[in-house]
Amino acid sequence: MSTITQEQEKLTDQERQYILLTQNGLPIIQEPYHAIAEQMDISVEQVLSLTKSMQERGIIRRIAAVPNHYKLGYQFNGMTVWDIDDGQAEKFGDAVGRLPFVSHCYLRPRFLPEWNYNLFAMVHGKTEESIAKYRGQIKELLKEVLVTRNHDSSQNIITKSNDMLTSTAILKKTGLRLKK
Amino acid sequence: MDNSSSPSKTENLSKSRKCQTVELSALEKQLINLLQHGLPVCERPFAQIAEEISSTEQAVIACLTKLRSEKVLTRFGPMFDAASLGGAFTLAALAVPEADFDFVTEQVNSFEQIAHNYRRDHDFNMWFVIATESTEEIEKVVQAIEIKTGLKVLNVPKLKEFYVSLYLPV
Chain A
1 MSTITQEQEK LTDQERQYIL LTQNGLPIIQ EPYHAIAEQM DISVEQVLSL TKSMQERGII
61 RRIAAVPNHY KLGYQFNGMT VWDIDDGQAE KFGDAVGRLP FVSHCYLRPR FLPEWNYNLF
121 AMVHGKTEES IAKYRGQIKE LLKEVLVTRN HDSSQNIITK SNDMLTSTAI LKKTGLRLKK
Chain B
1 MDNSSSPSKT ENLSKSRKCQ TVELSALEKQ LINLLQHGLP VCERPFAQIA EEISSTEQAV
61 IACLTKLRSE KVLTRFGPMF DAASLGGAFT LAALAVPEAD FDFVTEQVNS FEQIAHNYRR
121 DHDFNMWFVI ATESTEEIEK VVQAIEIKTG LKVLNVPKLK EFYVSLYLPV
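Line by line, the protein sequences are chains A and B.
Heads up: the first sequence is residues 1 to 180, going by our numbering.
Heads up: the second sequence is residues 1 to 170, going by our numbering.
Honestly, the hints are just simulated from the structure, not real lab data.
Glycine is no exception: its CB is placed at the ideal position from the N, C-alpha and C atoms.
Hints may be right or wrong, so weigh each one.
[To be verified] The calculated lysine to any residue pairs, modelled on SDA-like cross-linking and capped at a C-alpha distance of 20 Å, are: (1) B:Lys152 / A:Pro109; (2) B:Lys158 / A:Lys126; (3) B:Lys140 / A:Pro109; (4) A:Lys173 / B:Ser165; (5) A:Lys126 / B:Ser165.
[Unchecked claim] To give a feel for the contact side, a few chain B residues facing chain A, derived at Cβ under 8 Å: (6) Val22; (7) His37; (8) Gly38; (9) Ile49; (10) Ala50; (11) Lys71; (12) Thr74; (13) Arg75; (14) Pro78; (15) Phe103; (16) Ile114; (17) Arg119; (18) Thr149; (19) Leu159; (20) Glu161; (21) Leu166.
Build the full structure now, drawing on both the sequences and the hints.
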């Protein structure tokens, strides 16, 4: 599957309860799903099959450890943005998402002339050089589908086909949680 | 949707970059590498993980508990699709005149619907995520930000999201 489904499914009460119990994390104990089963008052088999079903339907992306990038030494990130051929965007976006250094990958609308980029891919690295290299790798992958625009040929203003925006400060950061 | 886990703050990245990296043991590295790919869904997942790396369930649990409490792991468990949780989201940006940057930061952050906000090196120098209960509310917040700041909002909601397989080996 290349893209994540866009339509929102209505959650069942049981799924809602499961999310409320686990959105801050899975208990790190011998039998984590037993603990959830007890709190939901259902069997552990039911919790395991509910987990698998939510995973298959994309409500759960994955069950995994998410490291703090900075603490592992991945201190640089860049939001790379690309102006690529719309007809090829899904195929190439999918390929960019598969690169191991990409943490988010989206198609977004353009607003010409001030914003001509339709593909966004966030890259992470340990050095400034590494994120520049990753940008280069993406560029190599996309070279056939990058759009060349020339808005004002009389002044020879050529719009760039790609860019990388690095963050220089976190101005606000909050977590997203389902409300009780 | 409720954006309440931490207070809003401005963090200077170049300052905080210097001393954040932590020293990790061999077992910690192994677990971080393995568990970024995922945890098996079974009754005793940590026993299964321990078997894969020739360790013990007890050692794995102790190690993960430590990594979690030291916040080397920011999350451990199911990662939910944000849209499935019932909210609406968009990414938006402003091109803020440099002299007004701090003031506009305050104006934008004052909206409780602003989840994340980053300064970036571009003409569009402020990038933020708007998280609301509904799509209609997104539009209202965008308009309210435009009125408050007097600046045009670049609103670029996702049209397609691609699966990623981010892996940060240690």
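We went through each hint and held it up to the structure:
1. B:Lys152 / A:Pro109: holds (16 Å)
2. B:Lys158 / A:Lys126: violated (28 Å)
3. B:Lys140 / A:Pro109: holds (19 Å)
4. A:Lys173 / B:Ser165: Distance ~23 Å between Lys173 of chain A and Ser165 of chain B Cα, so the pair is violated.
5. A:Lys126 / B:Ser165: Within the cut-off at roughly 18 Å; holds.
6. Val22: Holds - the Cβ of Val22 of chain B comes within 8 Å of chain A, reaching about 5 Å at its closest.
7. His37: holds (7 Å)
8. Gly38: holds (5 Å)
9. Ile49: violated (10 Å)
10. Ala50: violated (11 Å)
11. Lys71: holds (6 Å)
12. Thr74: holds (5 Å)
13. Arg75: holds (4 Å)
14. Pro78: Hint on Pro78 of chain B: holds, closest Cβ of chain A at ~5 Å, below 8 Å.
15. Phe103: violated (12 Å)
16. Ile114: holds (6 Å)
17. Arg119: OK, holds: Arg119 of chain B within 8 Å of chain A, min 4 Å.
18. Thr149: violated (14 Å)
19. Leu159: Nearest chain A Cβ about 5 Å off; hint holds.
20. Glu161: holds (5 Å)
21. Leu166: holds (4 Å)
Checked against the numbered hints above, the structure breaks hints 2, 4, 9, 10, 15 and 18 and satisfies the rest.
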